[in-house]
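Student: Below are the chains, spelled out letter by letter.
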Amino acid sequence: MLIRLAAPKDVRPSDITPESMYLSRREWLAAAGLTVGAIAGAAALWPRRASAQQAPGKPYGLQPDDRPTPWEDVTSYNNFYEFGTDKSDPAQEARDFKPLPWTVQVEGLVKKPGAYALEDFLKPSKLEDRIYRHRCVEAWSMVVPWRGIMLADVLKRAEPTAGAKYVAFTTLYDPARMPGQRYPVLRWPYTEGLRLDEAMHPLTLLVTGVYGRDLPNQNGAPLRLVVPWKYGFKGIKSIVRIRLTDAQPATAWNVSAPNEYGFYSNVNPTVDHPRWSQAKERRIGEFLRRPTLMFNGYADQVASMYSGMDLRRNY
Amino acid sequence: MLVPGPLVVAALMSDFLQGTRWLGSNPVKEGELILGEWTIRYLVAALAITPLRRTFGWNWLQRDRRTFGLAAFFYGLTHFLWYALIDIQLDGAELAKDLTKRTYIVVGFTALLVMLPLALTSTRAAIAHLKRRWVTLHRAVYAVPALGIAHWWMSVKADIGEPIVYSFVFAVLLGWRVWHARRDTSGNATAIQPRASTS
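Chains as they are written, first to last, in my numbering: chain A, 1 to 315; chain B, 1 to 199.
Hints are supplied without guarantee of correctness; some may be wrong.
Subject to a maximum C-alpha distance of 16 Å in a straight line, what follows is the list of computed EDC-like cross-link-like pairs (lysine to aspartate or glutamate) [claimed, not checked]: (1) LYS165(A) - ASP197(A); (2) LYS156(A) - ASP197(A); (3) LYS87(A) - GLU162(B); (4) LYS29(B) - GLU138(A); (5) LYS29(B) - ASP86(A); (6) LYS97(B) - ASP272(A); (7) LYS157(B) - GLU138(A).
Here chain A is said to cover these stretches of chain B; the calculated rule only asks that three of the stretch's residues, wherever they fall, bring their Cβ under 8 Å from a Cβ of chain A [to be verified]: (8) 25–33; (9) 90–102; (10) 155–161.
Please keep in mind that the hints were generated in silico from the structure rather than gathered at the bench. Everything numeric in this text was worked out from a predicted model, so none of it was measured. Built from N, CA and C at the ideal position, the CB exists for glycine as well.
Given these sequences and hints, build the entire structure.
Tutor: Right, dumping it as structure tokens:
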């Protein structure tokens, strides 16, 4: 049997390099050439991907050039120290986390305290899809289509007593399921808090989903807080306890670094973090920075809650 | 050996122009961190040469010391340029405030300034010209890891794991020198002087 071996002269470059690869190489060269022009003419914010995917929900406080941040970024770039301190850790380390069954405790200065299975906790309220701006204290931002219920709904049902002034939230403490809690990076469990009027504000959500789907573990499944006019770390994740109190509750980052992270942590471009400016932000997916807006663009709805307050002192 | 630097720049361009995800969701920040960490790594490499050479007699390592030292300087410089040009995009007010008021940036920039004369006098001609003063001048390198680690440590929010690990590495490398210098001066044996010739 004759086996014909291809002579070297039979081998063409296109046989060695797959078409897709040399095409992408050409695109890359073209792109490199375009760079000069792009830098010169970058009047726009230089979005990285042409258009974001379809996002369900009603836009709240969005600017004309705000587009939802792609699912891929929303679910892979996360600060959730319970699953590691790198942005990419939560998506990896929370993969096997089983959020259900889940119990939420409502307690403290309420007439109707109780422990609820998550389904029962959510059932009486209307699930809504809302697209919010999200500003991290680290000066990056996203636009996220959340799905959730109004925290006010839950609080009204629990009937706060006249003495209730604040709401304190607590994350699950379970180092076996949340490996980041094995290291003393923060005081575990994570805690957060709001003034009662902030908690009752119609923009304040208890979130159970994103992009119309169940909340991924790395985003704080199965239940997290979203307060769009505050820095992202106020949005405590994997909540197990909601407690009404008469005194301002301790909050995790304030305990960790009180001179850097205050109780209020309202987005404010005029009050810098001690280590960096808060005047601008980098929207994930964009190269040029955007100016940060007062109360993250929600000033019309929320500024009145802080009238007369020194926001430099109450950072 | 010097490859990661150009790769980071290429990855940034590709991520923004082609929609790739080499540097993840926030390529500007990721690239900045990579360049900073490689600065520290090359510093470890440069400072590890003398202990390794003396301990194991690996004298062939000597010729790489300058390369590693220069690599540390160029990564530090690129890290700074990345921060100024790509991260804060030459925002003059922010740059001025960062370089005067924000301690961790002042400390990091100082580390770069300390490395600058060392890089400039790394040529054979400079070594020959400066003679013993070269040795004295280049002792300044021992301040760089302290400044670099302090810069990193102060820049993180709470995740100090990596700065702690590198602190330990540098403590060993600098501690070895202290121990060695003591041993050499306490005995009557001829003290081993750092040699100016690096070729």
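Student: Hints first: check each against the structure and report whether it holds.
Tutor: Do the hints match the structure? See the list:
1. LYS165(A) - ASP197(A): 8 Å, holds
2. LYS156(A) - ASP197(A): Holds - the C-alpha atoms of ASP197(A) and LYS156(A) are around 12 Å apart, at most 16 Å.
3. LYS87(A) - GLU162(B): Answer holds: LYS87(A) to GLU162(B) is near 15 Å, not above 16 Å.
4. LYS29(B) - GLU138(A): Judged against 16 Å, a Cα distance of about 10 Å means the pair holds.
5. LYS29(B) - ASP86(A): At roughly 12 Å apart (the allowed maximum being 16 Å), ASP86(A) and LYS29(B) satisfy the hint.
6. LYS97(B) - ASP272(A): 11 Å, holds
7. LYS157(B) - GLU138(A): Judged against 16 Å, a Cα distance of about 9 Å means the pair holds.
8. 25–33: holds (count 4)
9. 90–102: holds (count 5)
10. 155–161: The restraint on the region 155–161 of chain B holds, since 5 of its residues have a Cβ under 8 Å from chain A and three suffice.
Violated hints are absent here; each numbered hint is respected by the structure.
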